[in-house]
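Chains as they are written, first to last, in my numbering: chain A, 212 to 559; chain B, 212 to 559; chain C, 18 to 522; chain D, 22 to 320.
These are calculated hints, taken from the structure and not from any lab test.
Check before you lean on any hint, since a few could be wrong.
[Stated by the list, open to error] Some but not every residue of chain A turned toward chain D, in silico, with C-beta under 8 Å:
| hint | residue |
| --- | --- |
| 1 | 257 |
| 2 | 368 |
| 3 | 382 |
| 4 | 480 |
| 5 | 524 |
Since the structure is predicted, the reported quantities are computational estimates derived from the model, not experimental observations.
Cβ atoms here follow ideal geometry from the backbone N, Cα and C, with glycine treated the same way.
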Amino acid sequence: MMSEQQITSSSPIQPAKRIDPLAVIVRFQSLIGLVLVFAGGIIFSPRRHGVILFIQPDNIANIVRAVSETGIIAIGMTFVIITAGIDLSVGATLGLASVVTATLMVSGGFGLITTVLAVLLMGTCFGLIQGAISSKFRLEAFIVTLAGLQAARGLALVVSGNQYINISYGDGPGLAPPIFAVLGGRLFGNVVPVATIVFLIFACIATLVLNTTRFGRYVYAVGGNERAARISGVPVSAIKIAVYAITGFASALAGIVHAGQFNFGSANDGTGYELTAIAAVVIGGTSLFGGSGSMVGTIAGTIMLGALANILQLNNITPAMQLLATAAIIVLAAVLQSLVRRREGLGR
Amino acid sequence: MMSEQQITSSSPIQPAKRIDPLAVIVRFQSLIGLVLVFAGGIIFSPRRHGVILFIQPDNIANIVRAVSETGIIAIGMTFVIITAGIDLSVGATLGLASVVTATLMVSGGFGLITTVLAVLLMGTCFGLIQGAISSKFRLEAFIVTLAGLQAARGLALVVSGNQYINISYGDGPGLAPPIFAVLGGRLFGNVVPVATIVFLIFACIATLVLNTTRFGRYVYAVGGNERAARISGVPVSAIKIAVYAITGFASALAGIVHAGQFNFGSANDGTGYELTAIAAVVIGGTSLFGGSGSMVGTIAGTIMLGALANILQLNNITPAMQLLATAAIIVLAAVLQSLVRRREGLGR
Amino acid sequence: MNQVVLSAKGVTKHFGGVQALRGVDFDLKVGEIHALLGENGAGKSTLMNLMSGVHTPDLGEIFIDGKPARFHSPRDAQAAGIATIFQELDLVSSLSVAANLFLGRELVYPHGMLDGKAMLREARKRLEAIDRSIDPAQLVGELSIGQRQVVAIVKALSYASRALIMDEPTAALTVGEVDRLFDIMRGLASSGVGIVYISHRLEEVPQIAHRVTVMRDGKVAGVTEPNAPQAQLVQLLVGRPLNELYPPRSDRVGDVLLRMRQASFRPHRASPGWQAPSKIDLDVHRGEIVGLAGVMGAGRTELLSALYGTGVPGRWQGEVTIGGKPARLRSIAAARRAGLAFVTDDRRGAGLMLRMSVGLNLVMSIIRRISPNGLLSARRQDDAIKSSFGNFDIRPKNPEIAVGALSGGNQQKVVLAKEVLGNPSLLLLDEPTRGVDVGAKGEIYARLRKFASHGLGILVASSEMPELIGLCDRIVVLRNGCSVAEFSGGVSEHDVLAAANGREG
Amino acid sequence: ADPLVKACAKDGEFVVGFSQANNAEPYRQHVNDELEAAAKAVPQFTLQIADGAGNVNTQTSQVDNFITQKVDLLLISPFEAAPLTPAVKRAMDAGIPVIELDRKTNGEAGKDYTAFIGGDNYKIALAAGEYTSKTLLPDGGEAAVLEGLPSSTPAVERLNGFKDGVKANSKIQIVAEQAADWLPDKAQTAFAAMLQAHPDIKMVYASNDMMAAGALLAAKGAGKSVKIIGTDGLPGPAGGIEAVAKGDWSATFTYPTGAKEAIDMAKSILLDCASSVEPTVTVDTTAITPENAKQMMGK
Ligand SMILES: Nc1ncnc2c1ncn2[C@@H]1O[C@H](COP(=O)(O)OP(=O)(O)OP(=O)(O)O)[C@@H](O)[C@H]1O
Ligand SMILES: Nc1ncnc2c1ncn2[C@@H]1O[C@H](COP(=O)(O)OP(=O)(O)OP(=O)(O)O)[C@@H](O)[C@H]1O
Ligand SMILES: [Mg+2]
Ligand SMILES: [Mg+2]
């Protein structure tokens, strides 16, 4: 008896800190899928005169350009999903924003800055209204934003008069300020797409907001346990409304980038982006049940999906095989991440 | 003191049973949206020689025919959503099933019954595999079924050789059994569409299964509190796998109905059906967070969405206004249902 | 009476880096009520989880009737006649009471359909043995914590054929229900069922147990007789002698903080089962700890939650003042502005973010304070977390692990620590020590007393009569939502009970 | 003059990339089939097809990928014109000749892109409208339109073309106009509702064959015989040509793919070292009517 007692008191319950290689992997588990896809990309990349096409700066630029719009949206979506919400209206809001951008500049004669501010404001309000309806009447966000999707497409058709709107540049009525076209361009030796720069800047700001601000902490709290958050004095309704305002803002930003990249506004643009964005968020390790997730994961998930599509196309895989391969790799990446998570007992 | 004691013992804590008109509404709250849409339909219906077109048997038949495929899928989806899962692969599985149906009958020379059984089995297995992967590796169903969506479309492309496959009827090689065309027909005085009959029969069976069987009870338990279900001896993994097998079965059934109605199979058919089906389920009052919901609600939600589209089309509303009106009415119906729910303190 | 029905030999279990059990031997004899005691995190629940098939041991084995048993799921254990009441009351809140009672063993008609009527009938019959206030058709989500505990008990009782494991079944029960439960347990034991009984209420042990095993730090610290002196039990439990459990009462009491006179709460709409507070007369002064006593359903939880704004929506009538000013308690935000903080009795449902870390949970109510100008300050956060660990001895001392992985008692400490961090002036506590071990209880009492001596007012509802009597300066008794009597601290248990039950003292 | 492609050679090996707007539409699948068939006849060519999935962003990134792969010639059928203009310019800048099918990007043929081969959506719909007013409903009556995806180029152009075409006959009234997003199931539902609201509808113009097939099902369901005009003139058993031949529809107007012309042009650029090609090749529509349907079926 006595001896047992002594052993006990000399070994505190606190676990010994082992240096564990697994712990390192866990810390970066949201990046595992990305690393795997890049490794696969390098292995399976076609080569031309010994050059690995996949990791050519141009090709990397293509990948990150292609995902910049859905990436911007996915970043907004991360906030929503961490609160255990969902926003299906993002793609349609992108379409609406692209139409409004084009209309304001082409028909409205608005300048660059006023247009951008007006469209961002519109997107933010659109999200805000959805958040307010969902929060005030306690409706599932799924339903409210599904209605929002339809409303945004309807509004876009109204604004555009059922037409698509081309953006021409120049000085004068009916022409958009030429500087707007820079969104479709590339900088730094014509390599880095401007759309990607917008995406990365937005990603950095969002990462900071989520990780280092009071608001970010509230977002996690609301998703972690709404009742507990409310009892602890978290302004739950305000936070819930705010995250939809953020997705609205992000979608509008993506819409502006879209209009600038493609010189075009159409009510149909952005169809299906909601699923791609949600997929990027979830592949990045954010749970649809709320309370956990990371912005870095979302960024990794976004780029991973883009790199995957790229490597398949570089190899000229048939569409059928591309679909099958995408399916297989997404599941594989998810399984690996989950195995790592489980080994550390952090499983859901 | 003494008198109080008597009061106490004569008034047990159990709440008094009042007869409450509201309680009746609550009991049928999932039908409220449907009733509203029908009332609106009658009011706004175009008339011809004093006849209200909206409630003509022909028109009602058109409504229920139009929703029969998504309805069948929504019924399967209800099981999944009650377990707090989701299945995005349903539309693609419908496409796959329609292609396989056409191929088996036209190229494979299979008879009616063998074809139907083979396709249903295939759909069930497809769902089962997704359920098993998601359950075994503890992956979010969203990701697994998103991969499933791509896999099903990929398989359908492989099976069909990137073509849509026409079904011609007759006796001989390359022709399908003529009886299969009955799925596109109408019975009972050429009014009731056969597709609708399939939908309603499936709905009745599913309602019985969900409400009166042990399996149905387990479905609720798994979604309500997985841990509690597990420690009560509910075979949680089996139930989770089973519900995806059910959506797979339902999607295959819908695919067969689709092939029969349109006399062809195409890999792209059913695109976007997943959102429509989920919307029908959620409008019917089933929570995406699992544990609660009803089959009657899903059926009501399905028909409500169809009736809404129909009344807008009868009035030849422009696409833009149709989208806006649909959005408004969906939110309105959801708000009304939620107000009723809340009055009874059942709100989440 | 010497035949062993259920036993564990040398079982070891670890979760990630935490060693929960280190080679434990345990046995349960036929017809025996075997009390299992131990500090929070000692490994009691883990041991029971192994015997009921929730987890499998890393090393060692479980035996039934001397034969090795391999449980792959709780289903297997149940099939072997072992029923369990889990500490965390795992019930499905969206299903009815009856559906929960029969979950996994539904009654069906011969043709296979569920026999709902029979289940309702049978459920009502079984519930009546302990608590007739529960309607079997009600959703579990609408029940109070105490009522849920009854449901969990009844559920396990109904299929315990060989052994019954009860993990803190009485934590949310009041004396009446506990007595009825003990009667039932004695009946079961005499019919040959072995019962493992886990509790932190040491005074219950001599009443009910035949044998006592004490665990500490994942090992068995000793096996003794139930009527061993309490001091000896405590010594075994915490590894050191414990002096007085309750701190001395304060004699210096400040101004009145909360004052209620004929205060009634009018819900905006009728909510069946919700005992609206009415005609409450109550004062809490600065520096004072006031207790709320009452039987289950007397309305203690409702009074606290109506003050804090988390109950059903409604408004107060009559006089309610806080700090001398009429209180405007319309919302949680308003209550917090008035200096209130609330510790809920539903720690998993409304108290904790189970999948988030202990640290994040702790700072939840002071996010504003640790983020001056909107940016989180890691230093302030770490200071706050450190002070919580210091004040409440949360184990393991690692703020990184998910709070859901803590033992029940340690989870309770987190809920308590979190609200104290907010520096409230009036602390509303609902069952604050549910599931907390004696040693930790003593420390919590001491902390509460210390906070009070700094001018904090505390209003505490508890089902543990000794706790109320030992800790509180005054005790207000509620019955059917009304305040019916008031005692000063140190009163006899009998007097309080009599008032709570509506009998002359 | 210099050849358009320096590496041109009779016996070279060439990769031709085709960026298709959206494989999911049967018409586009038909384009792919014809291109594959035509390319197979040229042993020097390897044809790679990428599916833009109906999304200008995806299609842009696929053009970028073709540039990375340095294909020898790019064929593109842009989902929308303006959005793909910058991508086409990048290909041209990289020295890859671009032949556009179906839809022109902005700029000048021969300079901003090598050549355009295709039909004219407005014109074929105009022809359908004129056929309606002259041949199908000379005595007038109620007509309906099933539109494609609202605000997409072909939907807008075909709608306008048909409306302008029937203006020739003032006795024809368009009583209903609904979007069915190119899909047969939506078309069936929408046309069923139209027939409810307007039982006297005599004909329906469907902006593609798939919607015409849906309209036929709706008419059958309502027990009505309605004159149906499709668009695209797809071959094969489920296509418009056979439907006209069977007498199910009144007519369909082919929207030529230009596949054969495109591969021929690629041959002259890559194999024959052409220094210039015809910058704009318009391929005419053929009206498939009961008169010629049977003989067109074999083609
Ligand atoms: N699922 C789990 N994951 C990780 N750690 C766990 C898990 N379950 C228990 N533990 C750890 O195992 C140890 C023993 O916990 P256990 O729940 O058995 O304690 P207990 O004796 O029941 O305490 P209490 O009296 O507070 O309920 C604790 O340190 C706890 O944190
Ligand atoms: N119909 C209901 N709607 C909402 N909440 C309810 C309902 N019934 C019970 N509750 C909740 O249950 C708790 C009330 O518990 P109850 O008073 O019945 O039992 P108790 O907590 O054991 O005893 P005491 O009331 O003395 O604390 C409250 O938290 C209340 O919110
Ligand atoms: Mg425990
Ligand atoms: Mg209580």
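Comparing the hints with the structure gives:
1. 257: Holds. Min distance 7 Å.
2. 368: Constraint on residue 368 of chain A satisfied, holds at 6 Å.
3. 382: Interface hint status for residue 382 of chain A: violated (19 Å vs cutoff 8 Å).
4. 480: holds (7 Å)
5. 524: holds (5 Å)
Going through the hint list in order, the structure does not satisfy hint 3, though it satisfies all others.
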